[in-house]
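Position chain B relative to chain A; hints supplied.
Residues per chain, in single letters:
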Amino acid sequence: MPFEEVNSKVVRARVSPASPVLARRGAMLGYSGQVTFRPVHGQGRGIGGFAGAALSGESNPMMATEGQGEVLYGYKGLHVTVLELDGGAPLVCEADRLLVHDAGLQTSVQFLGSGGIKQAIGGAMTGQGLFTTNVHGRGSVALLSHGGAFPLQLNGTQVGVDPQAYVGHVGQLTVDLAAKVGLRDVVGRGSGEAFQLRIGGYGTVYVQASEQKF
Amino acid sequence: MTYPPGNPYGGQPGPGGNPYGQPQPGYGQPPPGYGQPSPGYGQPPPGYGQPQPGYGGPPQPAASPTGTTLNPRTLPDDDNVNPYVFCVSLNGDWFMSKGAMLAYYGDVRFEAVTEYSSVQGWVAARFSSPVYVQDWVVATGHGKVLIGDRGFDLNSYDLDDGNLTIKAGNLCAFSPQLELKQSIVPGFVTLIGTGKFIASSNGPVIFVEPPFRADPEALLGWADCPSPSVHHDAQWMTQNIRAMISGALGRASGEERQYDFTGTGTILLQSSEVAREDPAVLRLVESQTQLLTDSQAGSLGQRLIARAQQQH
Numbered sequence: 001m002p003f004e005e006v007n008s009k010v011v012r013a014r015v016s017p018a019s020p021v022l023a024r025r026g027a028m029l030g031y032s033g034q035v036t037f038r039p040v041h042g043q044g045r046g047i048g049g050f051a052g053a054a055l056s057g058e059s060n061p062m063m064a065t066e067g068q069g070e071v072l073y074g075y076k077g078l079h080v081t082v083l084e085l086d087g088g089a090p091l092v093c094e095a096d097r098l099l100v101h102d103a104g105l106q107t108s109v110q111f112l113g114s115g116g117i118k119q120a121i122g123g124a125m126t127g128q129g130l131f132t133t134n135v136h137g138r139g140s141v142a143l144l145s146h147g148g149a150f151p152l153q154l155n156g157t158q159v160g161v162d163p164q165a166y167v168g169h170v171g172q173l174t175v176d177l178a179a180k181v182g183l184r185d186v187v188g189r190g191s192g193e194a195f196q197l198r199i200g201g202y203g204t205v206y207v208q209a210s211e212q213k214f
Numbered sequence: 001m002t003y004p005p006g007n008p009y010g011g012q013p014g015p016g017g018n019p020y021g022q023p024q025p026g027y028g029q030p031p032p033g034y035g036q037p038s039p040g041y042g043q044p045p046p047g048y049g050q051p052q053p054g055y056g057g058p059p060q061p062a063a064s065p066t067g068t069t070l071n072p073r074t075l076p077d078d079d080n081v082n083p084y085v086f087c088v089s090l091n092g093d094w095f096m097s098k099g100a101m102l103a104y105y106g107d108v109r110f111e112a113v114t115e116y117s118s119v120q121g122w123v124a125a126r127f128s129s130p131v132y133v134q135d136w137v138v139a140t141g142h143g144k145v146l147i148g149d150r151g152f153d154l155n156s157y158d159l160d161d162g163n164l165t166i167k168a169g170n171l172c173a174f175s176p177q178l179e180l181k182q183s184i185v186p187g188f189v190t191l192i193g194t195g196k197f198i199a200s201s202n203g204p205v206i207f208v209e210p211p212f213r214a215d216p217e218a219l220l221g222w223a224d225c226p227s228p229s230v231h232h233d234a235q236w237m238t239q240n241i242r243a244m245i246s247g248a249l250g251r252a253s254g255e256e257r258q259y260d261f262t263g264t265g266t267i268l269l270q271s272s273e274v275a276r277e278d279p280a281v282l283r284l285v286e287s288q289t290q291l292l293t294d295s296q297a298g299s300l301g302q303r304l305i306a307r308a309q310q311q312h
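Chains as they are written, first to last, in full-length UniProt numbering: chain A, 1 to 214; chain B, 1 to 312.
There could be a bad hint or two in this list.
As the list claims (entries may be wrong) - Between beta-carbon pairs, the in silico distance windows are:
{"no.": "1", "chain 1": "B", "residue 1": "303", "chain 2": "A", "residue 2": "26", "range": "30 to 38 Å"}
{"no.": "2", "chain 1": "A", "residue 1": "14", "chain 2": "B", "residue 2": "227", "range": "27 to 35 Å"}
{"no.": "3", "chain 1": "B", "residue 1": "230", "chain 2": "A", "residue 2": "136", "range": "36 to 44 Å"}
{"no.": "4", "chain 1": "B", "residue 1": "109", "chain 2": "A", "residue 2": "160", "range": "52 to 60 Å"}
{"no.": "5", "chain 1": "B", "residue 1": "303", "chain 2": "A", "residue 2": "136", "range": "44 to 52 Å"}
{"no.": "6", "chain 1": "A", "residue 1": "213", "chain 2": "B", "residue 2": "238", "range": "33 to 41 Å"}
{"no.": "7", "chain 1": "A", "residue 1": "138", "chain 2": "B", "residue 2": "302", "range": "14 to 22 Å"}
{"no.": "8", "chain 1": "A", "residue 1": "152", "chain 2": "B", "residue 2": "234", "range": "40 to 48 Å"}
{"no.": "9", "chain 1": "B", "residue 1": "107", "chain 2": "A", "residue 2": "34", "range": "57 to 65 Å"}
{"no.": "10", "chain 1": "B", "residue 1": "300", "chain 2": "A", "residue 2": "26", "range": "54 to 62 Å"}
Everything labelled a hint here was simulated from the structure, so no lab data went into it. C-beta: ideal position from N, C-alpha, C; glycine also.
So here's chain A without its partners, still in its complex pose (with noise of 0.2 Å):
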């Protein structure tokens, strides 16, 4: 079941039975209806799953919305992106940023560093994370993001991301880490712009109007 989009900040999902839906836990708004919220832990199931997530700290509280309504989500304030996922390419976020996804899609923990040390090394640099989530499966999520987020499509092509004002990628993509640390940054002349994410391939890559981590 789609979720719909009320304003800009807030999504509406339809829980019934047959689909009830995983939220971050604090993030309901209201409900109508006869619905029930269950808290649950852990990530998912499976390799990567709730020992990855104890292990990596990638792991929000989340809690279950069960029965029969219509549930308003949003948190703090924060704008929301809704996505479709086709069962396809998973998508690829870190897990603060999962709104509410159906509780059909399977999430799982991977570790960045598996490029190599330099990547991992890039990750604790960047405040990028050595884990983000990976998000399997055919439905729906929302996720968020300050001041917005805005796709940019790559057809074999690359673009260089700011890693704060990168929030999420879904499709056939690489993820560099491009350091550019010279004399200056180490002085503290730098451009703030020593590093980037270098996104290369075939997807969809979700950039937020912002540098503000939360």
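Structure of chain B alone, referenced to chain A:
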């Protein structure tokens, strides 16, 4: 000094008459229906205040074309300058929350409500909330006053012999024809009568009808409803062990607690905000402690000390 009710919702409708403006090309992937309030959410019943529909979405301020320099004559009369700034055309007195004023033209004085009420006896009758009186001023004179609040969306509401209860921290200004009273629900105030008031919301206001349960942080206010009751989600309490333990200590996560609205009326919601510290809440709670006996007050004090130490 009345405000013309003829066209109270602003003379500058957003592009295409779309109340929330149109998303910019390439902005997200708005599904069909974005920007059009669905039945039951965007349609407040007639007869009580409606927020100004005359603004575009955040990316596209419609009321004020960018690049135009405004002056006292081109500033709108009692209308939004852009989604985040409202211009009050002052001719007499208005109540304004401290810090809401951004700028003003003309001969305007701002006086504390406490001082002004000693000069003008009617003020005390209109502002019957000792808890909030310290946070408000009276703007008096002639001119144009621009108000804003944290960059939130500002809406003006016209009450016609009605009542609307709103979160005290989101109320920015109201005309003195209205009467302000403290709501029984802590942190909320009720406006009664006929007149105009300005309130902020994080994102556009969402209107819903009861039966509805709202998260206390997302609740902006309600009109014509009976006061809400507090609903506790029993299933949540039994399933979340951590919440149960903290609940036993007199604190809960807050997630299992909602305000339950029944009856008829309209509920106003916003995207939940990062709560601003409301200094009046402390005064409210403190005044309630008079209900306690001396020994009860002592044990409450010990519990509060323990809580303050835990957070360090």
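Evaluation of the provided hints:
Evaluation of the 30 to 38 Å hint for residue 303/B and residue 26/A yields a failure: the beta carbon distance comes to about 24 Å. Between residue 14/A and residue 227/B the Cβ separation comes to about 29 Å, which falls inside the hinted range of 27 to 35 Å. At roughly 39 Å, the beta carbons of residue 230/B and residue 136/A sit within the given window of 36 to 44 Å. For the pair residue 109/B and residue 160/A, the beta carbons lie near 54 Å from each other, so the given range of 52 to 60 Å is met.
The hint said 44 to 52 Å for the Cβ distance between residue 303/B and residue 136/A, and at roughly 47 Å that hint holds. Restraint check, residue 213/A to residue 238/B: a C-beta distance of roughly 35 Å satisfies the suggested window 33 to 41 Å. About 55 Å separates the C-beta atoms of residue 138/A and residue 302/B, a value inconsistent with the hinted range of 14 to 22 Å. Checked against the hint of 40 to 48 Å, the C-beta distance between residue 152/A and residue 234/B comes to roughly 46 Å, which is consistent with it.
The given range of 57 to 65 Å is respected by residue 107/B and residue 34/A, whose C-beta atoms sit roughly 58 Å from each other. Restraint check, residue 300/B to residue 26/A: a C-beta distance of roughly 27 Å breaks the suggested window 54 to 62 Å.
Violation of the numbered hints given earlier is confined to hints 1, 7, 10; the remaining hints are satisfied by the structure.
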